[in-house]
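There are 2 protein chains.
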Amino acid sequence: MKFHHVGVVVDKIDRYSTQIQNILKTGTASIPFEDKIQKVNVSFLDLGGIYLELIEPNQRQTPVTSFLKSSGGGLHHLAFEADDVYESVSELKQKGGKVVCEPAKGFEERLISFIFFESLPFKLVEVISKKKYN
Amino acid sequence: MKFHHVGVVVDKIDRYSTQIQNILKTGTASIPFEDKIQKVNVSFLDLGGIYLELIEPNQRQTPVTSFLKSSGGGLHHLAFEADDVYESVSELKQKGGKVVCEPAKGFEERLISFIFFESLPFKLVEVISKKKYN
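For the record, the sequence lines run as chains V and Y. Using the working numbering, the letters of the first sequence correspond one by one to residues 1 to 134. Using the working numbering, the letters of the second sequence correspond one by one to residues 1001 to 1134.
No wet-lab data here; the hints were simulated from the structure. Quantities reported herein were computed from a predicted structural model and do not represent experimental measurements. In this text, a Cβ means the ideal position worked out from N, Cα and C, and glycines have one as well. Take these hints with a grain of salt, some might be off.
Under the rule of at most 27 Å between Cα atoms (straight-line distance), these lysine-lysine pairs were calculated in the DSS-like manner [to be verified]:
no.	chain 1	residue 1	chain 2	residue 2
1	V	K105	Y	K1002
2	V	K12	Y	K1002
3	V	K25	Y	K1130
Each pair of labels, with its calculated beta carbon distance range [to be verified]:
no.	chain 1	residue 1	chain 2	residue 2	range
4	Y	F1033	V	K39	30 to 36 Å
5	V	K93	Y	S1090	47 to 53 Å
6	V	D84	Y	D1011	39 to 45 Å
7	V	R60	Y	I1031	47 to 53 Å
8	V	Q19	Y	E1109	16 to 22 Å
9	Y	E1102	V	K105	15 to 21 Å
10	V	D84	Y	K1098	44 to 50 Å
Cβ-to-Cβ under 8 Å is the rule here; a few derived chain V residues that face chain Y [unchecked claim]:
no.	residue
11	V10
12	Y16
13	L75
14	S119
15	L120
16	F122
17	K123
Let the sequences and hints guide you as you build the complete structure.
This is the structure:
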């Protein structure tokens, strides 16, 4: 799997997007994508082929709400691009991961899935398909 | 600045290193480097030109101890390689950053510095020089 992005939870994308671009001199932010399954909006900042994904809740109860409330937001997960999401998710399950979100369409029409590992220090791994999944 | 690594705080590098290599299929871990200024040991896992830096305290009181105690460890900071660390740190100060660690020699003989941003969702940015700083 190829490292793709670091997920960063924020209360409002607008509050941080320009600030991060200015401080880290990243590429401009992508137009926020509304992920109806995850109930969040996400926007990407280009760090040179690796991305920062800013994630804001767009409903009261979302998969990132408790993290946001307990921590105030911040670094949340690592995401990896896989040739075959189903195969990679299956492998990760065999390695002790628990699927918290089965593969479903997300940003850029990609399949995305979240796997939780009690045995990893960062707990949450996202697996995504390559762009323009058919 | 060029994105270089994600810092991950752990209680023991040995506890996670092999596990992460197995799950994420990363490159093998570097031999841990003892950072006497930061009072930590660090080891790097290659994600394909971007690295995971595992950080463990090697003394009772270290810059990562409170984070480790409060969170149990996890994603901690983002690090960027700069052509001129002093110049980049100066720029980041002008942009509101507070220097929590002035540039000093760290892993791979690099100069490293930590800057805290109240205005960023991930708070802590590390600036490092390129390899083999003279």
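Against the structure, the hints come out as follows:
1. About 31 Å separates the Cα atoms of V:K105 and Y:K1002, which puts this hinted pair outside 27 Å; it is violated.
2. Between V:K12 and Y:K1002, the direct Cα distance comes to roughly 26 Å. Compliance with the 27 Å bound is thereby established for this hinted pair.
3. Proximity of V:K25 to Y:K1130 is assessed by CA-CA distance (about 18 Å); at most 27 Å being required, the pair is judged to hold.
4. Checked against the hint of 30 to 36 Å, the C-beta distance between Y:F1033 and V:K39 comes to roughly 42 Å, which is inconsistent with it.
5. Checked against the hint of 47 to 53 Å, the C-beta distance between V:K93 and Y:S1090 comes to roughly 48 Å, which is consistent with it.
6. For V:D84 and Y:D1011, the hinted distance range of 39 to 45 Å is not satisfied, since their beta carbons lie about 34 Å from each other.
7. Hint check: V:R60 to Y:I1031, Cβ distance near 48 Å, so the stated range 47 to 53 Å holds.
8. The supplied range of 16 to 22 Å is broken by V:Q19 and Y:E1109, whose beta-carbon atoms lie about 32 Å from each other.
9. Taking the beta carbon of each, Y:E1102 and V:K105 are about 47 Å apart, not inside 15 to 21 Å as hinted.
10. At roughly 45 Å, the beta-carbon separation of V:D84 and Y:K1098 lies within the given 44 to 50 Å, and the hint holds.
11. The beta carbon of V:V10 is positioned within 8 Å of a beta carbon in chain Y (closest approach about 5 Å), and the interface hint is therefore held.
12. With a cut of 8 Å, the hint placing V:Y16 at the interface with chain Y holds, because the nearest CB-to-CB distance is about 5 Å.
13. Taking 8 Å as the C-beta cut-off, the interface hint given for V:L75 holds, the closest approach to chain Y being about 4 Å.
14. Satisfaction of the interface hint for V:S119 is found here, the shortest Cβ-Cβ separation to chain Y being roughly 6 Å, below the 8 Å cut-off.
15. For V:L120, the interface hint holds, since its Cβ comes within 8 Å of a Cβ in chain Y; the closest pair sits about 7 Å apart.
16. Because the beta carbon of V:F122 sits about 5 Å from the nearest beta carbon in chain Y, less than 8 Å, this interface hint is met.
17. For the restraint placing V:K123 at the interface with chain Y, the shortest Cβ-Cβ distance is roughly 7 Å, inside the 8 Å limit, so the hint holds.
The earlier numbered hints that this structure contradicts are 1, 4, 6, 8 and 9.
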